[in-house]
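Colleague: The chain contents come next:
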Amino acid sequence: MEIKKAAVAGTLESSDCMVTVEPGDGTVELDLESAVIRQYGKQIRKVIHETLERLDVTDAKVTVVDKGALDCTIKARVECAVYRSNDIKKGLPWGGVIR
Amino acid sequence: MNPNLKRLRRSMMFLNCQKPGLIKDPYVYAPDSILLDLEDAVAEREKDAARYSLYHALQEIDYRGVERVVRINGLDSDLWEEDIRCAVAGGCDAIRIPKTETAEDVRRVEAAVEAAEKDYGRELGSTLIMAALESAKGVMNAYSICTSSERMFGIALSGGDYTKDLQTTISGTGVELMGARQNMIIAARAAGVQCFDTVYTNLNDMEGFRRDVQTIKTMGFDGKSIINPRQIPIVHEIFTPTQKEIVFAEKVVHEIDTKKAQGIGVFTVDGKMIDIAFYDGAKRTLALAKASGVYKGDI
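Residue numbers (the working numbering), protein chains in the order written: chain A, 1 to 99; chain B, 1 to 299.
If you're looking for bench data, these hints aren't it; they were derived computationally from the structure.
Each hint should be verified, as a subset may be incorrect.
[Claimed, not checked] Computed footprint of chain A on chain B; a stretch qualifies when at least three of its residues, placed anywhere within it, have a C-beta under 8 Å from a C-beta of chain A:
| # | region |
| --- | --- |
| 1 | 10-22 |
| 2 | 48-57 |
| 3 | 86-94 |
Model, not experiment: these values are computed from the prediction.
The C-beta atom is built at its ideal place from N, Cα and C for all residues, glycine as well.
Please work from the sequences and hints to get the whole structure.
Modeller: This is how it looks when you write it as structure tokens:
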């Protein structure tokens, strides 16, 4: 899926994360900030990259500010940002690439 | 018949799907059901975001037996059909329809739920439905709404919108809700479904809340919608039979069974006149006590 324009999802509240996606320079570039980066940084990065792969996002600049979000919240925010960048809000592939 | 139609639902706690911090672990408060809200609590521009959070929460969080009901957006919006697809795909237990006014409203939702169950490989009939009545018209149509679908497990009063439609306000006395409550509980009982009361929004008045819960328990309601975990213990305390009530109900069932075999129709238990009319009520008390975890007997 192409990142057509910059889009944001999520908040900076506790247990949430804010995800920003922007058109990239030919690859996926991830900038992660998290209070728990030393303990969970690897896992958070893995969840973000797996979600982007499922959505077939190969060219994007992704910025994530994590405030202790569960994996399911990280996935939800990444998906939301990607679909917002395409202005898609209906007919979503629940159980398909969203899983 | 879906075995969950009649499950214990003393407390149904609203949670805003826009807030991941709220939906990640509500089971620690042990409500009987959670109402995962996609409607009023969610800001208009966050409707899409709330769905992704809902889907993954349903798929990945173990709610430890707490029933997961999803409140969809109103049928007058362009959001409710996608809400249903998301909720059913995620594996919710039930859909709550807001602003229900007619049986046709329920049938529209039922058709969308059935289509989603087929699309996402869910067992047909596994997703239940409940209807919130929020207007005079909805309350007047309560019985036809209650009998509109085999998936229907109950109706709930939504007092805020209902009193607006009635051109009055919530007074705290319950006077303005009296007619709706009475009509709804009668309709629900006639139809054989459950009935739930509206939220009590003043969290600084726990005594008023307690009186409100006691009132609706006396009226025959099955439970109450709640907005804060602090309200749960009070609801459960009032809706759970006391040991005295349990012992009496056991005696009533036992005595009616025994006297029936002896050809005796009317007799006394603990000084109270008892006949067959008390049988179902005593059985219900024991079933409620058993479901609440305070009765281990075998009646």
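Colleague: Does each hint hold? Answer for all of them.
Modeller: Right, here's what the structure says about each hint:
| no. | hint | result |
| --- | --- | --- |
| 1 | 10-22 | holds (count 3) |
| 2 | 48-57 | holds (count 8) |
| 3 | 86-94 | holds (count 3) |
Checked against the numbered hints given earlier, the structure satisfies every one of them.
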